[in-house]
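On the provided structure of chain A, position chain B as indicated by the hints.
Next come the chains, spelled out residue by residue.
Protein chains: 2
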Amino acid sequence: MSMLLLVRKETVSTRYKVVVCRDLGPDVMPLLRGKPELELVVWPEDRACDRRWLLENIHGAAGVIVMLTDKVSGSSLQVVSTMSVGYEHVDVNAVAKRGLKLGYTPDVLTDAVADLSVMLALMAGRNGGIGISVVQKGQWTEYPWAPFGFCGPQLSTTAASPTRKIGFIGFGRIAQATLARLVPFGITHCLYSSNPSSAPSSERDAQLAQKYNLQSVKRVDIDEVARESDVLFILAPGGSGTYHVVNETLLRKMKPTSILVNASRGTLVDSDALAKALREGWIWGAGIDVVEGEPQVSVDHPLVKEPKCVIVPHIASATLETRRDMATRAAQNLIAAILGGQMPAQVDLRGFA
Amino acid sequence: MSMLLLVRKETVSTRYKVVVCRDLGPDVMPLLRGKPELELVVWPEDRACDRRWLLENIHGAAGVIVMLTDKVSGSSLQVVSTMSVGYEHVDVNAVAKRGLKLGYTPDVLTDAVADLSVMLALMAGRNGGIGISVVQKGQWTEYPWAPFGFCGPQLSTTAASPTRKIGFIGFGRIAQATLARLVPFGITHCLYSSNPSSAPSSERDAQLAQKYNLQSVKRVDIDEVARESDVLFILAPGGSGTYHVVNETLLRKMKPTSILVNASRGTLVDSDALAKALREGWIWGAGIDVVEGEPQVSVDHPLVKEPKCVIVPHIASATLETRRDMATRAAQNLIAAILGGQMPAQVDLRGFA
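Taken in sequence, the protein lines are chains A and B. So that you can map any letter, position 212 of the first sequence is 212 in the UniProt record's numbering, and since no number is skipped, the others follow by simple counting. So that you can map any letter, position 80 of the second sequence is 80 in the UniProt record's numbering, and since no number is skipped, the others follow by simple counting.
Extracted from the complex, chain A is given alone in its bound form (with noise of 0.2 Å):
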């Protein structure tokens, strides 16, 4: 038995130059080839696009698939679409003032961020660095067994030890997540302050530590975190508004045998001030997931060279099922703004431009 296959060939009136400035993978590309009103044009190679190739392509493009590093702007375009929670790099003043829609991915990597938090403040805490580092080096054999060997504070609530308060700077969807996470460990109480525009919430508040069966979950002024926190996580926005909110003035206040956890974006950080607050001995450890100027971090930045500091390069959201879950959002983003449709997740831009 044979068959004919016929392909008929669509006829596609419009089509809308698309700009993609990384390649999304099989499993998402083909829900923006699918589009025949979608005339694409990827960045072929696998590192960040050049700045260059991008504005060189951009003129005439409807919409652009962007990552954090990407900066973009064209006088044709209908929208911008990051693969990314995080919008700092886009700028929205002038995407508002142009009438642009900005499409963003929040929601998908709330889970794969709040496991890499926890991660990071147990690494932080029970000087998981430097264990590593003394394996990878062949010095293990200088460390047999010690009764305090290594010893750091412990995470969980003990009989003796039965109080671990857990702050917040930001408390948005990850920091709660990243809260429901620490709930076994047997935390007591959770401080956290936020942004000083939004709505207080103590209903919400008194809820959650009646689900989670703690004793506060209440919203203080920053010092009272940094004062009080056993282990702080910095889980804010970027941009101009958080720039350097944890500094000298704030690790100074904070506990000898507590953790400081970054997995938002390096900018909120002070590095010296931090790099200081490990030497010193001002705070016990910190596990961070960002760093002001990244990627480029030396071996002579003073974070590296700190051996409390753990550090890892901006995975917080690389899991197979976040990071495709982002793309898919982004492409679908863009594709809702273009051919017509709800966006899954706009940027509100009402009070910009």
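A portion of the hints provided could be inaccurate.
Which copy is meant is left open, because identical chains are indistinguishable; a pair holds if it fits in one copy or across any two.
List of simulated lysine-lysine pairs, DSS-like, C-alpha gap at most 30 Å [claimed, not checked]: (1) Lys255 x Lys305; (2) Lys137 x Lys276; (3) Lys218 x Lys255; (4) Lys211 x Lys305; (5) Lys218 x Lys253.
Hints in this document: simulated from the structure, not taken from any laboratory.
Relative to chain A, chain B alone:
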């Protein structure tokens, strides 16, 4: 006003020599020093005690406090008190035959080891060892943020990937504490294999499933644990009964995206087989706190050479809080065994010797 302080020197008729193989720190040594009946002989250095020193001093001793690395025998002994939950370094048959008491330190280290098990699972899944190494070597600049850079399997479930099966080889206190910590990550199934002689616990398992809202908690054969688990935790005792229970045959049954965590004893895992499994991609990654033959683990060790193997130097119980509790327990066990009273944690030696 002046006071005359009279100190009565107590007369102690019988004194018991006690050998302490490591200084137990300023919080715990006073417990022992406060007993005038005990004549303490304490290894004076900040390293594992010499075997020769131990054998010289054990002569005539009524009790000894040992670490994991100490092996001891002595004809005058009434008690061996080990500062560890495992006692595979103690010749239990000989201890039982001679009617000695054996003290150990279970329970107090459960939470510290569970914390570290979660840390190792996250580190192994999220390519944490590779990430740290990239930063430490100043190579971050070669790895700007990329859609799928550093991606690994996600511990937490996602909408598109809603199932996570967690397996345990050994399902005692530490495994169950680890399970509890993983619940908010969205895990759905728990599988475990236990010592064949232990009684079935299907009622307990049903209660756990209900408590944690899991689809199932189920005892199965070890092959099924290997086949099904997304993360496989080895949390079983060491010794000959579990020697190389994780071998090539078992590792070949695991999924290519699966994670192996060993926070029990190095002898349970065939290091060569695990290195091969990582090198050839039978599994995704491993996080291990213990290595057979430790601390003799050089840079040429097959596991040290595997980038996807995260190794820390036997620090699972190494927190300030827990080690203090373990040392306290070890001192209390010894004191009770010699001076009378209930030992807080005595190994049941019926069935041995």
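These are the hints, each one checked on the structure:
Taking the shortest alpha-carbon separations for Lys255 and Lys305, only the intra-copy value of 22 Å comes in at or below 30 Å, while the best inter-copy value is 37 Å. Proximity of Lys137 to Lys276 under the C-alpha cut-off of 30 Å is found in both arrangements, the shortest distances being 25 Å within a copy and 21 Å between copies. In this assembly of identical chains, the alpha carbons of Lys218 and Lys255 lie at most 30 Å apart only when taken from the same copy (19 Å versus 43 Å across copies). Taking the shortest Cα distances, Lys211 and Lys305 never come within 30 Å of each other, neither inside one copy (41 Å) nor across copies (45 Å).
With identical chains, the CA atoms of Lys218 and Lys253 are at most 30 Å apart within one copy only, with a shortest distance of 19 Å there and 48 Å across copies.
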